[in-house]
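Engineer: Whole structure, please, built from the sequences with the hints as guidance.
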Amino acid sequence: MSNYYDVIVIGGGPAGLAAAVQAKKENASVLLIERENRLGGILKQCIHDGFGLVRFEEKLSGPEYAERFIDEFNSLGIKALTLTFVTRIEKTEDGFEIHVTNRSGISVYSCNAVILATGCRERTAKQVFIHGTRPSGVFTAGTAQYFTNILGQMPAKKCVILGSGDIGLIMARRLTLEGCEVLGVYEAKPTPSGLTRNIHQCLNDYNIPLHLSKTVTRVFGDDRLEAVEISQVDENMKPIPDTGEIVKCDALILSVGLIPENELAENMNVTLDPGTKGPVCDNNCMTTVPGVFSCGNALHVNDLVDYVSESGETAGRAAAHYSKKERGTIAVKRGKNVLSLVPQMLDLNSDLGKVRVYFRSLKPLNNCRLLVKCGDSELFTKKYAFLRPPEMESLTVDFSQYDLNENSEITFEIEVTGE
Amino acid sequence: MNEIVCIVCPNSCVLRIDGEGENLTVSGNKCKRGETFAKAEMTNPVRTICTTARTSFKDAPVVPVRVSKDIPKDKIFDIMREIDKVTVSKPVKRGDVLIADVLGTGADIIVTSDLLTIIDKENENE
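If you read the sequences in order, they're chains Z and R.
If you read the first sequence in the numbering used here, its first letter stands for residue 74, the second for the next number, and so on.
If you read the second sequence in the numbering used here, its first letter stands for residue -12, the second for the next number, and so on.
Just so you know, the hints here were simulated from the structure itself, not pulled from any lab data.
Just so it is clear, CB atoms sit at the ideal spot from N, CA and C, and this is done for glycine as well.
Derived coverage of chain R by chain Z (criterion: at least 3 residues anywhere in the stretch with Cβ under 8 Å from a Cβ of chain Z; other residues may be distant):
hint	region
1	-4 to 5
2	34 to 43
3	59 to 70
4	94 to 108
If you want a taste of the chain R side facing chain Z, the calculated C-beta under 8 Å gives, among others:
hint	residue
5	Val(-8)
6	Pro48
7	Val49
8	Pro51
9	Arg53
10	Arg81
Structural biologist: And the structure:
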């Protein structure tokens, strides 16, 4: 049996599934490697609805959305290795060697192109500097979600949620439905991190208070969490001394952000973007290392799964057709008021007719316009009534209509046009 | 005048509702669904429920379920109690109805994953 595939996809969540399906449709031989026992990634535990509004125009739950792709994946006869962990990727003269470990031991697969669809990780308590003891009862929102939705066990009776990220808001509602008392959601920033609709349908609907500019500064309890100390923070998000109040609870749930998972990429010297914390990619989702592609939440944290699938398809299509021909890349840069931008490069030797661009604004802005420039000349603009950092914007740009060459430098900036 | 945030899609439009009773006018919505949502919020607010149902399967103690269509907002906890009464013992699949016309709302409680079917097959093969 040959261990060679045209494309190897690492990660069996929504990005990896879409990438594998698309690469297979482009007639590539495809292998998908997943470390868990089942495909679907985090969607397996995201039982709430709202997935697929863009793609299917339906309000699906996470499992329903994932299983539509899994059904297609299976019907195309794509091979998946589950319970398999990639330990390292080596670049060879012909392509890549993927070293894996699983219950059959250690093995090596080779491929022409590799797609990193490794998703993202939650920031943990250690990364937010909370003082005090280390009792049980401090969970990330994802862990609390796993307990509730997969194991069917309640992680809390009376809890406090730190951070207003979407998973935290979703869990506030979920735990309330299951009979837990959610005392409040505390957010250190002056504005919420999650989607506005989630503030309304997850918190306001259930009378769960949202406290802005407040954070947890200490935890109390020996075996189990007994209380947390909440303090106000100043404009630099530093706790203000002597503002602490004690809130009794048996669980602290953290929803303090997601970081793209890129250990494999870093080991291959793929350049990462400090804005997205994912790899710098061109319009085909190819990283700075030719033949290595990135998509989904490994590329940048998305708030809609529809966009995750979309970037998976872009990566899958490009990886299937990957040949070692020279790229002609030019930089796409973040200008004023842009927090993150994907892609960060354009490959002039590829089709630039329909380039999907994703961006977030640096801060909440009203009445503004996106300005796309090449050097000093303006390529085009688009008006927005408002832009908010938690809500990623996407647009399709036809860059083929512009006269771009290797010296062109594209900049995306946001200009406030007035009150 | 009332202002509410539309929860139909991630655009989160701020909807402005003027008038009373039958004569409601909605502005600020980017699409038709926003108008429908705003009018429902003023007369009969509806929501969905997504939760899990207990199973008798060792490898999957719960299976995800949801309502097949929107239900009145004030029925949420009553419907949760109905779902609590169920224990799934058959290998149900995506779309299967667990409770038909729950509490006379016209909505069914449907299963949203093939998990139990997959586990059942895995156990057969072992």
